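Colleague: In order, the protein sequences belong to chains E and B. Numbering follows our numbering, with no gaps: position 193 of the first sequence is 193. Whatever position you read off the second sequence (first residue = 1), add 1000 for our numbering.
Hint data in this document are derived by calculation from the structure and do not stem from the laboratory. Just so you know, these numbers come straight off a predicted model, no measurement behind them. Just so it is clear, CB atoms sit at the ideal spot from N, CA and C, and this is done for glycine as well. Hints should not be assumed to be uniformly reliable.
[Said to hold, decoys possible] Calculated cross-link-like contacts (lysine-lysine; reagent style DSS-like; alpha-carbon spacing at most 27 Å):
hint	chain 1	residue 1	chain 2	residue 2
1	B	Lys1054	E	Lys191
2	B	Lys1090	B	Lys1028
3	B	Lys1145	B	Lys1054
4	E	Lys28	E	Lys18
5	B	Lys1054	B	Lys1028
6	B	Lys1090	E	Lys191
7	B	Lys1005	B	Lys1054
8	B	Lys1028	B	Lys1141
9	E	Lys191	B	Lys1145
[Said to hold, decoys possible] Sample of chain E residues with no beta-carbon within 10 Å of chain B, all distances over it, derived:
hint	residue
10	Glu17
11	Glu132
12	Ala159
13	Val160
14	Lys191
15	Ile203
[To be verified] Pair ranges (Cβ atoms, derived):
hint	chain 1	residue 1	chain 2	residue 2	range
16	E	Leu194	B	Gly1052	21 to 27 Å
17	B	Val1064	E	Gly81	37 to 43 Å
18	E	Val224	B	Ile1015	32 to 38 Å
19	E	Val206	B	Ala1071	30 to 36 Å
20	B	Ile1015	E	Phe64	44 to 50 Å
21	E	Leu194	B	Val1064	29 to 35 Å
22	B	Ile1015	E	Arg6	51 to 57 Å
23	B	Gly1063	E	Tyr195	24 to 30 Å
24	B	Ser1099	E	Ala254	41 to 47 Å
25	E	Phe64	B	Asp1075	20 to 26 Å
26	B	Gln1134	E	Leu194	28 to 34 Å
Take a look at the letters that make up each chain.
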Amino acid sequence: MLEWIRELGRGGFRYFEKLGRSTLFLIKTLAGIPAVLARPGLLVAQLLSVGVLSLLIITVSGLFVGMVLALQGYNTLVDFGAEESLGVVVSLSIVRELGPVVTALLFAGRAGSALTAEIGLMKATEQLSGMEMMAVDPIHRVIAPRFLAGFLSMPLLAAVFSAVGIYGGFFVGVGLLGVDDGAYWSQMQAKVDLYDDVLNGVIKSVVFGFVATWIAVFEGYDTVPTSEGVSRATTRTVVHSALAVLGLDFVLTALMFGE
Amino acid sequence: MKQTKSTEMLVGMFIAAGLAALFVLAMKVSNLSTLSTGESYQLIARFENIGGLKVRSPVTVGGVLVGRVSAIDYDNERFQAVVTLDIEEKYNRFPEDTSASIFTSGLLGEQYVGLEPGGLEEVLTDGSQIELTQSAIIIEKLVSKFLFDRAAEGGTE
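Work out the full structure: start from the sequences and follow the hints.
Modeller: As structure tokens, then:
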């Protein structure tokens, strides 16, 4: 029993230690961002692997999410003779919720896990210590460009997701189910507010991008330098990012849309 | 790190696609395209009951959107709702005896203010008040009135 309580205390210490380490790590990373801006080449290379290469899965998912929303929404709305509101249903659900959240989940799975594995392997193969030996700060050289790239890519990816999703809903709703073309867009424009809906969606995606990338680079940097450690860190990245995104989404939604 | 032209090209295309998507969301999806950017002037209308009218509800004439409700207030002295209408400057020739009514679009749709121009020479200017108004129709009132009428009819038969 006593042993069990001690174990609990040790776990608590470990947790707060990690929280503190990750915060210090974040501060160092943020301090390293000016150094990245001085060498934009590093950033561009990371934008390619984090942003551009995630574009395919984001676009395809956005298209299908929009199409499914239109199909499902139509079935419900047609009972009330309100199928003209399909555009509102699709656009509000995507712009407010699904765009930022699904993009962040896919981003954590596609880009976050890759970031963790890459940085973790660099640590396991002592490339990071090698850099330190050569008086190159690995935070400036490796971490900060990846962090900045993820932070910048996420809102852009979420915007692509939302726009593609709304067009996906348009194709199914107007093309397949016969909702009126004009009604789809005009009802949407009447109900979607630039600041309340679109801008809040962008704010969400910025926050998710920050958190998901932070978790990814920290787990990589903090990994136990063995092959097992890297595998665990990668798993943790995906799980923790998903939980953080969903939890934060609730908080942000309550702040933005709760009266 | 070697920087090839194609990498820069791809990243440039990615950023452009992201910004274009944001642009689409702002222009095509949100209400930015329907916001009036031009000058506007204000008219005031008093109603007994505004039903479900909201700030930013549309103001139409003959079905055409000419402005939006900019404020809703309650007059403590006269016990009436005071609705301020923001009308676009280019529609500035409404006669003084124009009437304002609150309608519902469709059976369960949102409520809007419909203006009906009158025939006088003088026109409404900024800040003037619309004298002829008709309140929103409250379905519950209609139903209860109908039921009471039926009951009254049944009683006399």
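Colleague: A separate judgement is required for each hint: does it hold in the structure or not?
Modeller: Structure-based check of all given hints:
1. B:Lys1054 / E:Lys191: Measuring from Cα to Cα gives roughly 13 Å; hence the hint holds.
2. B:Lys1090 / B:Lys1028: 24 Å, holds
3. B:Lys1145 / B:Lys1054: Given that 27 Å is the threshold and the Cα spacing comes to 26 Å, the pair holds.
4. E:Lys28 / E:Lys18: 15 Å, holds
5. B:Lys1054 / B:Lys1028: Given pair B:Lys1054, B:Lys1028 holds - Cα atoms ~24 Å apart, limit 27 Å.
6. B:Lys1090 / E:Lys191: 25 Å, holds
7. B:Lys1005 / B:Lys1054: 54 Å, violated
8. B:Lys1028 / B:Lys1141: 40 Å, violated
9. E:Lys191 / B:Lys1145: Answer violated: E:Lys191 to B:Lys1145 is near 34 Å, above 27 Å.
10. Glu17: E:Glu17 is indeed farther than 10 Å from all Cβ atoms of chain B, at 34 Å.
11. Glu132: Answer for E:Glu132: holds, closest chain B Cβ roughly 18 Å.
12. Ala159: The claim is violated: E:Ala159 sits with its nearest Cβ about 4 Å from chain B, within 10 Å.
13. Val160: 4 Å, violated
14. Lys191: Given that some Cβ of chain B is not farther than 10 Å from that of E:Lys191, nearest at about 8 Å, it is violated.
15. Ile203: At roughly 13 Å from the nearest Cβ of chain B, E:Ile203 sits farther out than 10 Å, so the non-interface label holds.
16. E:Leu194 / B:Gly1052: 21 to 27 Å: 23 Å, holds
17. B:Val1064 / E:Gly81: 37 to 43 Å: 25 Å, violated
18. E:Val224 / B:Ile1015: 32 to 38 Å: Roughly 36 Å apart at Cβ, these two residues keep to the hinted range, so it holds.
19. E:Val206 / B:Ala1071: 30 to 36 Å: Between E:Val206 and B:Ala1071, where Cβ atoms are some 33 Å apart, the hint holds.
20. B:Ile1015 / E:Phe64: 44 to 50 Å: 24 Å, violated
21. E:Leu194 / B:Val1064: 29 to 35 Å: 23 Å, violated
22. B:Ile1015 / E:Arg6: 51 to 57 Å: About 52 Å separates the Cβ atoms of B:Ile1015 and E:Arg6, which means 51 to 57 Å holds.
23. B:Gly1063 / E:Tyr195: 24 to 30 Å: Since the Cβ atoms of B:Gly1063 and E:Tyr195 sit about 28 Å apart, the hinted range of 24 to 30 Å holds.
24. B:Ser1099 / E:Ala254: 41 to 47 Å: Holds - the Cβ-Cβ distance for B:Ser1099 and E:Ala254, about 43 Å, lies within 41 to 47 Å.
25. E:Phe64 / B:Asp1075: 20 to 26 Å: 53 Å, violated
26. B:Gln1134 / E:Leu194: 28 to 34 Å: Holds - the Cβ-Cβ distance for B:Gln1134 and E:Leu194, about 33 Å, lies within 28 to 34 Å.
Checked against the numbered hints given earlier, the structure breaks hints 7, 8, 9, 12, 13, 14, 17, 20, 21 and 25 and satisfies all the rest.
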